[in-house]
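As you go down the protein sequences, you meet chains A and B in turn. For the first sequence, the residue numbers in our numbering are 1 to 337. For the second sequence, the residue numbers in our numbering are 338 to 653.
Treat the hints with caution; some may be incorrect.
Unchecked claim - One-sided and incomplete, this derived list gives chain B residues near chain A with beta-carbon spacing under 8 Å:
| # | residue |
| --- | --- |
| 1 | Asp487 |
| 2 | Val518 |
| 3 | Asn526 |
| 4 | Leu603 |
Think of the hints as simulated: they come from the structure by calculation, not from any bench. Ideal Cβ positions, reconstructed from N, Cα and C, are used throughout, including at glycine.
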Amino acid sequence: MNDQLLKIQNLTVDYRSSNKTVHAVRGLDLNLRPGETLGLVGETGAGKTTTALSILRILPDVAARVLSGEILFDGKDLLTRSKKEMRQIRGRDIAMIFQDPMTSLDPVVTVGAQIEEMIMLHADLPRSGLRKAAEDMLEVVGIKRERFDDYPHQFSGGMKQRVVIAIALSCNPKLLIADEPTTALDVTIQAQVLDLMKQLKKTYRTAMILITHDLGVVADICDAVAIMYAGEIVEYGTLEDIFDGHRHPYTEGLFNSIPSIDVEQKTLEVIEGLTPDPTNLPSGCAFHPRCPYASAHCAEERPGETQLSDTHYVRCFQCAPSKEKELQHGRTVVERL
Amino acid sequence: MAEPLLNVCNLKKYFKTRDGILYAVDDVSFSLREGETLGLVGESGCGKSTTGRAILRLHEPTGGQVYFRGEDILRYNKTKIKGIRRDMQIVFQDPYSSLNPRMNVQQLIENSLSINGVRSAAQRLARVREIMEIVGLEQRLLGAYPHELDGGRRQRVGIARALILNPKFIVMDEPVSALDVCIQAQILNLLMDLQRRYGYAYLFISHNLSVVKHISDRIAVMYLGKIVETGDSRLLFAHPQHPYTKALLSSIPIPKVGVERKRVILTGDVPSPIDPPPGCRFRGRCPNAMPVCAQQEPALRQVGDTCVACHLYDNE
Numbered sequence: 001m002n003d004q005l006l007k008i009q010n011l012t013v014d015y016r017s018s019n020k021t022v023h024a025v026r027g028l029d030l031n032l033r034p035g036e037t038l039g040l041v042g043e044t045g046a047g048k049t050t051t052a053l054s055i056l057r058i059l060p061d062v063a064a065r066v067l068s069g070e071i072l073f074d075g076k077d078l079l080t081r082s083k084k085e086m087r088q089i090r091g092r093d094i095a096m097i098f099q100d101p102m103t104s105l106d107p108v109v110t111v112g113a114q115i116e117e118m119i120m121l122h123a124d125l126p127r128s129g130l131r132k133a134a135e136d137m138l139e140v141v142g143i144k145r146e147r148f149d150d151y152p153h154q155f156s157g158g159m160k161q162r163v164v165i166a167i168a169l170s171c172n173p174k175l176l177i178a179d180e181p182t183t184a185l186d187v188t189i190q191a192q193v194l195d196l197m198k199q200l201k202k203t204y205r206t207a208m209i210l211i212t213h214d215l216g217v218v219a220d221i222c223d224a225v226a227i228m229y230a231g232e233i234v235e236y237g238t239l240e241d242i243f244d245g246h247r248h249p250y251t252e253g254l255f256n257s258i259p260s261i262d263v264e265q266k267t268l269e270v271i272e273g274l275t276p277d278p279t280n281l282p283s284g285c286a287f288h289p290r291c292p293y294a295s296a297h298c299a300e301e302r303p304g305e306t307q308l309s310d311t312h313y314v315r316c317f318q319c320a321p322s323k324e325k326e327l328q329h330g331r332t333v334v335e336r337l
Numbered sequence: 338m339a340e341p342l343l344n345v346c347n348l349k350k351y352f353k354t355r356d357g358i359l360y361a362v363d364d365v366s367f368s369l370r371e372g373e374t375l376g377l378v379g380e381s382g383c384g385k386s387t388t389g390r391a392i393l394r395l396h397e398p399t400g401g402q403v404y405f406r407g408e409d410i411l412r413y414n415k416t417k418i419k420g421i422r423r424d425m426q427i428v429f430q431d432p433y434s435s436l437n438p439r440m441n442v443q444q445l446i447e448n449s450l451s452i453n454g455v456r457s458a459a460q461r462l463a464r465v466r467e468i469m470e471i472v473g474l475e476q477r478l479l480g481a482y483p484h485e486l487d488g489g490r491r492q493r494v495g496i497a498r499a500l501i502l503n504p505k506f507i508v509m510d511e512p513v514s515a516l517d518v519c520i521q522a523q524i525l526n527l528l529m530d531l532q533r534r535y536g537y538a539y540l541f542i543s544h545n546l547s548v549v550k551h552i553s554d555r556i557a558v559m560y561l562g563k564i565v566e567t568g569d570s571r572l573l574f575a576h577p578q579h580p581y582t583k584a585l586l587s588s589i590p591i592p593k594v595g596v597e598r599k600r601v602i603l604t605g606d607v608p609s610p611i612d613p614p615p616g617c618r619f620r621g622r623c624p625n626a627m628p629v630c631a632q633q634e635p636a637l638r639q640v641g642d643t644c645v646a647c648h649l650y651d652n653e
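Just chain A, same shape as in the assembly (with noise of 0.2 Å):
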């Protein structure tokens, strides 16, 4: 397919320090179309953050290696583009929010400085007319154009991620990597931020990819979902493949911890044990010592994708109807990419 705006295949990132490696991700596949919003959920350690990483070309030098794999980028690999280049994609063409709003805004600049400055690096604008850009973006995100002079501490938590989204967008990305963005704040204001981005994605058709835990959030803005474990992604697809068809019984798992709001539980259903050590991950597929359906074959081979769909795919041996089909299936998804 070719109307894809993010492609990534068989991504393998891996961390290393004198005696360990850590396999960060492992042949990871992810495709996103403009203007989609794609969940990436997962727990900590999943490899969420070293993937969005990956595709903005930030990764520690001194630990990460890239092993293998392509992120191709409006059908361009940007893994082989150069240092240069990769600096004007950053911000003009893909724009990334991080977790912590009080960390990502410099202390000692005034927030309209902070947005100016993206503007004028990236958008061919004289300079007079900076002040009004950055002005005018600092209304679509709901603060006074007054406020253009005042620096970071002048503004609560809520507002100061909405001056990192404005800064993010200034340059009216075609993706908009989000880590976490709601994570520190409050309920109410987590309402408000996501009512401003689910309006801001209708109005500028920003493809995103929102890297979260938290499942209420995916089902409130995202239009696709990635269930990730042990740095692969176990099961793909839309929101109500997600939400109401979920194969995998990490997945299913996963929706279990979660305390529901609207019927009664006496005890959670919980996944046993931990999350893998990264450094030391098990034989075939990661997820069999938890898992409560795993058979003899789930510790010897990893699982491959199987399509239960169109738009739904998942890493389980117990989701494929037998061996000989799921690895059909295999086939036909590695001739469709």
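Dock chain B against the given chain A, drawing on the hints supplied.
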């Protein structure tokens, strides 16, 4: 009805700051029976943690009374308060910073036993082993240091440390907020199971409403140092009455698709608790604010299923 285990009356905790007096907890009252969980919810800065700490006198309260088994512990002197802390414990939010990194699991857990006069090392070790079993920590971790443990296990150490003296009442200050959902579910199950077995009373402080609803019998909603609504957990979630509670509940992201909800999205942020204006503290963000809200502070009183502090219900 039996006398409540804990009775907090008009608790106040003010802090002096350069800009004026910060009313962190302002006239908060509630009670708690044995084996019961009261959930204390609200946004950051509303005074929930300060309330928990003031009850244990980790912050000296500015005013009010805290009756524990009928005795006002705010009048206890330093030695006496140390004695009562056997029965009143706390589990902190951040399992990463609340454990001394230079002590191993055994030392961390047995510390309070030594402080409370259990002299025999063998007895202490036996008790530590027993409590580790109860909270689900493997015995092989006795000699492990906090940096070797993951977040869930660290929080289990925090819980073990609070439980080892057999307390009656435990303040749970955001005990699962720093944990991933799967680990969070494991810890919640553990806490509820412990309560069933040993009859602990919990004051469960959290900003996560789904978690609070799951674990609490009753809930108190705080806003800027005041309780604005309190009642039975199920009733409060089913029929919230205070405009703030309504907004709070409608802001919870629900992990379901196709749920149509009427959202009350509040404008603005929580104002500063330093010298708050007279009248209702929520009125600046309240969609139903009336002139009377600026003049008179609403009192907490029974309206229908819950107790509410709001002028909307003045005529009921």
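Q) Does the interface hint hold: is Asn526(B) within less than 8 Å of chain A, judged Cβ to Cβ? A) With Cβ-Cβ at 5 Å, under 8 Å, it holds.
Q. Regarding the hint that Val518(B) lies at the interface with chain A, is the smallest CB-CB distance below 8 Å?
A. Holds, about 5 Å.
Q: So, Asp487(B) near chain A? Judge it on the closest CB pair being under 8 Å.
A: This hint holds: Asp487(B) lies near chain A, its Cβ roughly 6 Å from the closest one there, short of 8 Å.
(Q) Take the shortest C-beta to C-beta distance between Leu603(B) and chain A; is it under 8 Å? (A) holds, 5 Å
Of the hints listed earlier, there is not a single one the structure fails to meet.
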